[in-house]
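J.: For reference, the chains in residue letters:
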Amino acid sequence: MTATIVVNGIAERLSFAPGDMLADVLRAAGHVEVKKGCDTGNCGACTVLVDGTPVLSCAFLAARAEGKAVTTVQGVEKEAARFAAFLGAEGADQCGFCAPGFALTVIALSREIQNPTDEQIKAYLSGNLCRCTGYESQHRAVRRFLEATHARH
Amino acid sequence: MRDISGLTGHAPADTSISSDKIFSSVRKSSPKIDAEGLVLGRPAYTDDLAPSNALVVKLVRSPHAYARIVSIDASRALALPGVACVLTWKDCPRTPYTRAGQGFPEPSPRDKFILDEYVRYVGDEAAVVAAVDEETALKAVSLVDVKYEVLEPVLDFEKAIDNPSVIHPEPEIYENFPIGFEPKRNIAAAYRMEVGKVEEELARSEVRIEGAWSTQAQCHVALEPHAAFSYLDLQGRLNIVSSTQNPWHTRRIIGMTLGKSLKDIRVVKPRIGGGFGAKQTIHVEVFVALVTLKTGKPARLSLTRKEVFRATFTRHQMRIEVRLGASRSGELRAIDMFVLSNTGAYGEHALTTLMVAGSKTLPLYNKVASVRFGGDVVYTNKVSAGAFRGYGAIQGLYALESAIDEMAAKLGMDPAEFRKKNMIREGETSEVFRIMGEGTEGVAMTVDSCKLDYCVRRGMELVGWDPKELSREVGPGKLRARGMAIAMQGSSIPLIDMGSARIELQDGGSFKLHVGATDLGTGSDTILAQIAAEELGVELKDIAVYSSDTDHTPYDTGAYASSTTYVSGSAVQKAARSLKRQMIAAAAAKLGVAPGEVEFDGKTFKASGGKSLTLYDQSFNTLYRDGEAMRTLSATESFTGHKSPPPYLAGFVEIELDTQTGKVDVIDYAAVVDSGNPINPNLVKVQVEGGILQGIGMALYEDVRYSESGRLLSDSLLGYAVPTRADVGRIRVEIADSYEPSGPFGAKSAGEIGIDTPPAAIANAIYAATGVRLYDLPFTPEKVLKAIKKARG
Amino acid sequence: MEIGNLARPTDLDAALELIRKERGVAVGGGLWLRMSSKPMGLAVDLGGLGLDYIRDSGGDIEIGAMTPFRRLETSALLAERFGAFFRDAVGGVVGVQFRNMATVGGTVAGRYAFAGLNAALLALGAKVVLRGEGTKDFASFLSEPRNESFLVEKVLLPSGCRAGYASVGLTEGDFRILIAAAAFVGGSWRVVVGARPGAARLCDTATKELGSDAKPSGAAIEKAAVAAAAEAAFADDLRSSAEYRREVCPVLVRRAVSEALK
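Protein chains in written order, with this note's numbering: chain X, 1 to 153; chain B, 1 to 793; chain P, 1 to 262.
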């Protein structure tokens, strides 16, 4: 089948089988920032926003994204680059495989919850696994990023 | 309890620094040079880079734990349009090899064939399929008809030795040098050593304890599944791009096994999504290489997460017996340790992980009169075990540090004080260093940097360690308790791990640094650039790093054994020093003075009498303007260590234990690490924090489980519980002020040490809370509750 | 997933027709379905049927089948009427992305034994509305034999009550080793044990011990807890033995009731 999915603001005409998942369709279309880390929806590396809501693109039927706005980390490039600087300042960007999905979820968090507590931050991001950092440095980076973001607005 | 909220992550006041130098690039937490690109998801990993026209390779896998392939009928698969080939053991050279990414000749048995007539675990490869796309390849896999003669598997490693079922009966397999390889007895490797007479010392000891500790197999779960692709370039050379920790070992092993000249093979490591030892092997590269050589076409293979669980490698499961003897006044007199290790279907890293269980644990208690260490590594028909951070030390330390705590309790001593009394100190040595290397004899070494005493003291301060109140009730049935453990590891394998670096002055006054060293995301590209910048006296931003390409970068052993900073870093430092000498000589010639009269301040060459020359100008001079004197200023240097100076760590955990459900939560984990002078303090801290969480995962949550027929049950993240950020309270790491004279700018290593203490520290905390010792990992709620109830009678 | 055709009806009866007459497989969140290797000739996307709602319909609370877990977790209405109950039951599952996709209908229709939501609904004495079949008691729906040709339209809850949820597991987002849920609804208690690993079940003896006393004594709670452990059947699985589940059951029942009483 063929469908038009708006990816990062650009309408893309994509062809795929009805049972194909959004992650595979996006990667095949060149959006390799969408990563696949597990087969079971556990790791969050494939996170994208669909109409602003963070979802697991590995479990999201591409057909269901028809007519919807899909955002990968490149669709929020400026904000993600800003967040990347905070990660870099902590040394929290290690292998980087979890990072695009993680950055997107952090940005979704910053939009969904104002002034989250540490507990809320951890709970919101708990679906994004990281095996490198032990999460501490990521947490420091997220707090500083949210404080700086909040200060701007 | 002290208010520690103001503490930062660094050693207090760098005023007591052992080196008299003030650093400009080293000891700075410079952000890694690739942060933004990775976060934005720019194409960087193997699967991102695979050519779109590559054949997709998939593997036919055994459903049996042990079987002989009677026949393979690939006719229906080959009849499918788009299938390029189906390869079986008959299409592969009959060359035994080892997949272990290790030096040459490898200390692991050569007990593997690319494809064999036998399959030795559920998931073992039986055939290789290549097709134009994934759908076709998967369909073809299902159409390959393999007939098996099912054999009796060996699934219990305690019943493996002399089991009537022999897992490796092949006559062609062998050991490169004596490692205790007795395949007919299902033994992959064995080791024995003794210093003094341990039975006598134990008999003479006033107080003794003994026990047996069991550790489980653990999975790395690096977030990027294993992947590789290959193609033939314009010169007909085989190019392999792989998510690998050891490009050179991969190239050498594949070349020798496929019978292809090494000069015709190139291996490149792009960005890797995590290693931890998972990729310190040949994994899928050999299959894509085989397909490319057979078809002439590019080939790619990315494993699914399920395949990573089922058919890559795990940590070695071990059962460790420890006996300790001490005087009543608290002097440890004797240690006896014996290990039974399960290497699974193949013997990768069998001997070396066994030896590290002793060589990187026993020297901690160097004042004993006698120490004995031995072990056997056995085959079973389970997923093959291989390298995983800690590499035997985490298993050994769980046993040893639990035993030490037991001894302290028996002596009525504070566990911290007992350790302080007996642990190794700076300037001391241990016989074990000389006797035990990794696969071979070791290297005698005086410990020139050891801040373990500071680490223990400081850790005690950080957590408010009070031996009289290690446990307290915080709610009905809820206890909080503390435990501790100390650890050491190594920094490379001396006289075996070698790394090289080439640094070159470019027009414009910047430098290109080529290293073979493998950045797994750890940041080695960055810290190596920091070392180069420090040595040259230039800014970090003026160093461009390119790494891990067997065609373009000089040799490096690979990222394992905590060797990159110490070995590759030293090579970089030497190369930079050498280049600086060349630069000064060239500038001196240009200025018409003797080299001794020229100083370089990072931007300008200054000579006496006011003559000066900018680096910027000189860089153009050397390449464009100086006529006969033009040349490229470049230096290549190598380094191998003459010792393996251990990093040290003291870990202190606070747990909350629910005595009604047995659930244990880590509230706080404080660690003080001596990794020598930190080249990049943030990156050292993150390595240790990450290691600690993996150690906590092994202590509490992670377990590799099989069905009765040997099928892996924990084959997805639904069945294998990796810690999430909601699981652990706080991890705090401080870096001790330390300087290792033999290391680059005083550095040692930090890659593995973080993982080593949690199992013992948590076991010791559980004891403090409940009076109960746990002897097998992981400490699930069920095990804890059972132990508590048993203790209550 | 292998799907021959994906239908995206906008009318409930048309959806039901596709499921019944053309053997269409209903796709809710799709998270569990996606891991099945069974090819589907026709899949029916329920996303266009306007079933994402949580509303007070005057008597009951109605939750549409396509309401995601995340909405249950953050709903002010549910928090007002049931306290932290729904947040406790579904709030820890995997991650926010997962809970943005997992639906009430998918979990109910799948009758998943591991699901905290199903244990919670059973404790509340919920009802399931099946399109074309009418309203069913959730307990019957969970236990009766069913074929695949049905469509969950919505779930009906009482308008509010005291309810408590307790569980134990390995990591926070992981499957639960055991679940207990308790609610005081319609004048009497309901005690449910789930993830045994078998399906959630109402423990009649435990329920009887607590009876219709809105504030049962410690002794009564203890009796109920013990009764629940004796009544429920447990089994071994990858995460735990039956024996451990039996040991820890009374602890969780006690805690669920205490939560409800807060």
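In case anyone wonders, no lab produced these hints; they're calculated from the structure. Glycine included, each C-beta is placed from N, C-alpha and C at the ideal position. Among the clues, some could well be false.
Straight-line Cα separation of at most 16 Å, EDC-like style, residue types lysine to aspartate or glutamate; simulated pairs [said to hold, decoys possible]:
#, chain 1, residue 1, chain 2, residue 2
1, B, 611, B, 597
2, B, 184, B, 201
3, B, 139, B, 210
4, P, 208, P, 222
5, B, 184, B, 170
6, B, 574, B, 637
7, B, 783, B, 658
8, B, 790, P, 243
9, B, 783, P, 237
10, B, 367, B, 504
11, B, 783, P, 243
12, B, 580, B, 665
13, B, 512, B, 637
14, B, 90, B, 73
15, B, 580, B, 504
16, B, 783, B, 665
17, B, 789, P, 243
18, X, 122, P, 172
19, B, 786, P, 243
20, B, 159, B, 172
21, B, 611, B, 601
22, B, 468, B, 504
23, P, 136, P, 62
24, P, 38, X, 20
25, B, 783, P, 236
26, B, 367, B, 321
27, B, 139, P, 2
Residues from chain P shown here face chain X by an in silico Cβ test under 10 Å; the list is partial [to be verified]:
#, residue
28, 3
29, 8
30, 12
31, 27
32, 30
33, 34
34, 39
35, 43
36, 45
37, 47
38, 97
39, 98
40, 172
J.: Each hint needs a verdict: does it hold in this structure or not?
T.: Hints and how they fare:
1. For the suggested pair residue 611 of chain B and residue 597 of chain B, the alpha carbons sit about 10 Å apart, so the restraint of at most 16 Å is met.
2. Distance hint between residue 184 of chain B and residue 201 of chain B is unfulfilled; the C-alpha atoms sit about 36 Å from each other, more than 16 Å.
3. Straight-line distance between C-alpha atoms of residue 139 of chain B and residue 210 of chain B comes to about 55 Å, which puts the hinted pair past the 16 Å bound.
4. Note on residue 208 of chain P and residue 222 of chain P: the hinted pairing holds, with a Cα-Cα distance of about 13 Å set against a maximum of 16 Å.
5. Restraint check for residue 184 of chain B and residue 170 of chain B: satisfied, since their Cα atoms lie roughly 9 Å apart, inside the 16 Å limit.
6. As the CA atoms of residue 574 of chain B and residue 637 of chain B are separated by approximately 6 Å, the hinted pair is consistent with the 16 Å bound.
7. Annotation: proposed proximity of residue 783 of chain B to residue 658 of chain B holds, straight-line Cα distance about 13 Å (limit 16 Å).
8. Restraint check for residue 790 of chain B and residue 243 of chain P: satisfied, since their Cα atoms lie roughly 14 Å apart, inside the 16 Å limit.
9. Of the supplied pair hints, the one linking residue 783 of chain B and residue 237 of chain P holds, its CA atoms being roughly 15 Å apart against a limit of 16 Å.
10. Taken as a hint, the residue 367 of chain B and residue 504 of chain B pair is broken in the structure, with Cα atoms around 48 Å apart against an allowance of 16 Å.
11. For the given pair, residue 783 of chain B sits about 11 Å from residue 243 of chain P by alpha-carbon distance, which is consistent with the 16 Å threshold.
12. Proposed proximity of residue 580 of chain B and residue 665 of chain B is contradicted: the alpha carbons are some 53 Å apart, above 16 Å.
13. Of the supplied pair hints, the one linking residue 512 of chain B and residue 637 of chain B holds, its CA atoms being roughly 14 Å apart against a limit of 16 Å.
14. Among the hinted pairs, residue 90 of chain B with residue 73 of chain B is consistent with the structure: their alpha-carbon atoms are about 12 Å apart, no more than 16 Å.
15. Proximity of residue 580 of chain B to residue 504 of chain B is assessed by CA-CA distance (about 10 Å); at most 16 Å being required, the pair is judged to hold.
16. Restraint check for residue 783 of chain B and residue 665 of chain B: satisfied, since their Cα atoms lie roughly 14 Å apart, inside the 16 Å limit.
17. Restraint check: the Cα-Cα separation between residue 789 of chain B and residue 243 of chain P comes to about 13 Å, which is no more than 16 Å; the hinted pair holds.
18. This hinted pair checks out: residue 122 of chain X and residue 172 of chain P have alpha carbons roughly 11 Å apart, not beyond 16 Å.
19. Between the alpha carbons of residue 786 of chain B and residue 243 of chain P the distance comes to roughly 10 Å, so the proposed pair stays at or under 16 Å and holds.
20. The suggested pairing of residue 159 of chain B with residue 172 of chain B is violated, with an alpha-carbon distance near 25 Å, which exceeds 16 Å.
21. At most 16 Å may separate the alpha-carbon atoms for a hinted pair to count; residue 611 of chain B and residue 601 of chain B meet this at roughly 14 Å.
22. Of the pairs offered as hints, the one joining residue 468 of chain B and residue 504 of chain B is violated, with about 60 Å between alpha carbons and a cut-off of 16 Å exceeded.
23. Distance hint between residue 136 of chain P and residue 62 of chain P is fulfilled; the C-alpha atoms sit about 14 Å from each other, no more than 16 Å.
24. As the CA atoms of residue 38 of chain P and residue 20 of chain X are separated by approximately 14 Å, the hinted pair is consistent with the 16 Å bound.
25. With a C-alpha separation of about 14 Å, the suggested pair residue 783 of chain B and residue 236 of chain P falls inside the 16 Å cut-off, and the hint holds.
26. For the suggested pair residue 367 of chain B and residue 321 of chain B, the alpha carbons sit about 20 Å apart, so the restraint of at most 16 Å is broken.
27. For the suggested pair residue 139 of chain B and residue 2 of chain P, the alpha carbons sit about 12 Å apart, so the restraint of at most 16 Å is met.
28. For residue 3 of chain P, the interface hint holds, the least distance from its beta-carbon to any beta-carbon of chain X being 3 Å, beneath 10 Å.
29. Taken as an interface hint, residue 8 of chain P checks out: its beta carbon lies about 8 Å from the nearest beta carbon of chain X, inside 10 Å.
30. Proximity of residue 12 of chain P to chain X is violated relative to the hint, the smallest CB-CB distance being about 18 Å (cut-off 10 Å).
31. Residue-level restraint check for residue 27 of chain P holds (minimum Cβ-Cβ distance to chain X is 7 Å; threshold 10 Å).
32. Proximity of residue 30 of chain P to chain X holds as hinted, the smallest CB-CB distance being about 6 Å (cut-off 10 Å).
33. Interface hint at residue 34 of chain P: satisfied, since its Cβ lies 5 Å from the closest Cβ of chain X, which is below the 10 Å cut-off.
34. Interface restraint check: residue 39 of chain P against chain X, minimum CB-CB distance 8 Å, threshold 10 Å, status holds.
35. Given hint, residue 43 of chain P at the interface with chain X, holds; its Cβ is 7 Å from that chain's nearest Cβ, closer than 10 Å.
36. Among the interface hints, the one on residue 45 of chain P holds; its C-beta lies about 6 Å from the nearest C-beta in chain X, closer than the 10 Å criterion.
37. The criterion of a C-beta within 10 Å of any C-beta in chain X is met by residue 47 of chain P, whose closest approach is roughly 6 Å, and the hint holds.
38. Hint status for residue 97 of chain P relative to chain X: holds, with the closest Cβ pair at about 5 Å, below 10 Å.
39. Taken as an interface hint, residue 98 of chain P checks out: its beta carbon lies about 6 Å from the nearest beta carbon of chain X, inside 10 Å.
40. Hint status for residue 172 of chain P: holds, given a least beta-carbon distance of 6 Å to chain X, under 10 Å.
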